[in-house]
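Visitor: Sequence:
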Amino acid sequence: MLKVELEDNGTRAHQAESDADVLIVDTAVKISETAAVGIVGENVDLIVLLMAEADAHNEIIFIKPGRGETRDSLFSSQGLQQLGFKDVLFLHAFTGYDTTSSAFRKSKVAFAKLYLKSREVHKAAAVFSDPSSTTAQVQKAGETCILRWYGAPAEEVTLNAFRYNSFLKSVAIIKPDISSLPPSKGATKQHSLRTFHHVQVWLGNDLPPQMHGWKIEDNCLVPVSQCIGNCLNRDPQVDSENEGEQDGPLTGFLQEDENEDEDQDLFPSRD
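If you want my numbering, it's the 1-based position in the sequence shown plus 14.
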């Protein structure tokens with residue numbers, strides 16, 4: 015194994031049993047207590063974890079190697095933490111991560127700006143970092159964030175009703191874009207549960223994935239699917255949570271992270 019070969023040549027190495035990014039950042043944080051340390055990588059998840067985990071008194075430098083004519087980018091953990099993203103783990107997971115769906119055609123940067131100026135979104139975001147949060151609290155917080163992200167009026171608190179009203183407005187257009195509708199209440203619940211689960215995993219809390227938007231299928235964990243039959247029901251109490259169709263434009267979420275290229279825009283380098 016590579017680890018054994020490195021150690022035989024006098025290089026200290028660690029092998030991740032689960033999330034390698036978490037191990038990398040945790041190791042850097044421990045080293046920073048007694049020595050200068052830097053992380054070299056291309057994965058924005060490392061930046062996110064660094065912002066959340068680094069000690070404010072010990073600077074850790076993150077170096078993203080350049081390619082071709084693009085220069086290396088340097089990030090300071092202390093500088094990143096001054097951006098004001100206290101709930102950065104939530105922001106990263108909720109807006110689209112490799113194990114959470116991304117909102118269809120919605121901007122990570124726009125949601126981050128909304129988080130900075132909206133006390134309501136700030137309060138909802140804190141729910142995802144609290145390991146004692148209940149399913150109902152996570153669902154409600156997720157719905158609040160979706161409503162504000164999609165520009166719902168302040169008095170609008172029911173996601174299905176807002177989705178239905180948005181649909182009525184869209185059909186008045188010659189070519190309505192159904193995929194741009196807010197996600198259904200059922201899809202938002204499962205997305206919120208997966209977001210909560212991943213934030214807690216990042217924080218070191220091992221929660222059962224089957225209770226947080228996942229199910230076992232062919233011995234693999236797969237996202238809980240959504241039924242889209244009632245997605246446009248005008249009754250705000252109707253909840254489309256039965257299993258059926260996969261997430262897609264009609265439910266408001268895609269499993270692929272469409273916003274991956276936007277992650278870098280959130281975090282300015284030192285250059």
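Don't take every hint at face value.
Claimed, not checked - Label-pair ranges, simulated between beta-carbon atoms:
id, residue 1, residue 2, range
1, G52, N23, 37 to 43 Å
2, N57, G93, 15 to 21 Å
3, S32, A150, 26 to 32 Å
4, Q92, A168, 33 to 39 Å
5, D220, H28, 43 to 49 Å
To be verified - Derived lysine-lysine pairs resembling DSBU-like cross-links, with alpha carbons at most 30 Å apart:
id, residue 1, residue 2
6, K100, K137
7, K120, K137
8, K229, K189
9, K127, K154
10, K154, K137
11, K189, K131
12, K131, K154
13, K154, K120
14, K120, K100
15, K44, K154
16, K137, K127
17, K229, K183
18, K120, K131
19, K120, K229
20, K44, K100
If you're looking for bench data, these hints aren't it; they were derived computationally from the structure.
Backbone N, C-alpha and C define an ideal beta-carbon position, used for all residues, glycine too.
Visitor: Indicate, hint by hint, whether the structure satisfies it.
Guide: Checked hints:
1. G52 <-> N23: 37 to 43 Å: Violated: the Cβ-Cβ distance is about 21 Å, outside 37 to 43 Å.
2. N57 <-> G93: 15 to 21 Å: For N57 and G93 the Cβ distance comes to about 19 Å; the hint holds.
3. S32 <-> A150: 26 to 32 Å: holds, 28 Å
4. Q92 <-> A168: 33 to 39 Å: Since the Cβ atoms of Q92 and A168 sit about 36 Å apart, the hinted range of 33 to 39 Å holds.
5. D220 <-> H28: 43 to 49 Å: About 19 Å separates the Cβ atoms of D220 and H28, which means 43 to 49 Å is violated.
6. K100 <-> K137: holds, 11 Å
7. K120 <-> K137: holds, 21 Å
8. K229 <-> K189: violated, 37 Å
9. K127 <-> K154: holds, 21 Å
10. K154 <-> K137: holds, 11 Å
11. K189 <-> K131: violated, 33 Å
12. K131 <-> K154: holds, 20 Å
13. K154 <-> K120: holds, 20 Å
14. K120 <-> K100: Holds, at about 21 Å.
15. K44 <-> K154: violated, 36 Å
16. K137 <-> K127: holds, 15 Å
17. K229 <-> K183: violated, 36 Å
18. K120 <-> K131: holds, 18 Å
19. K120 <-> K229: Measuring from Cα to Cα gives roughly 26 Å; hence the hint holds.
20. K44 <-> K100: Status holds; Cα separation ~21 Å.
The structure fails to meet hints 1, 5, 8, 11, 15, 17 from the earlier list, while all remaining hints are met.
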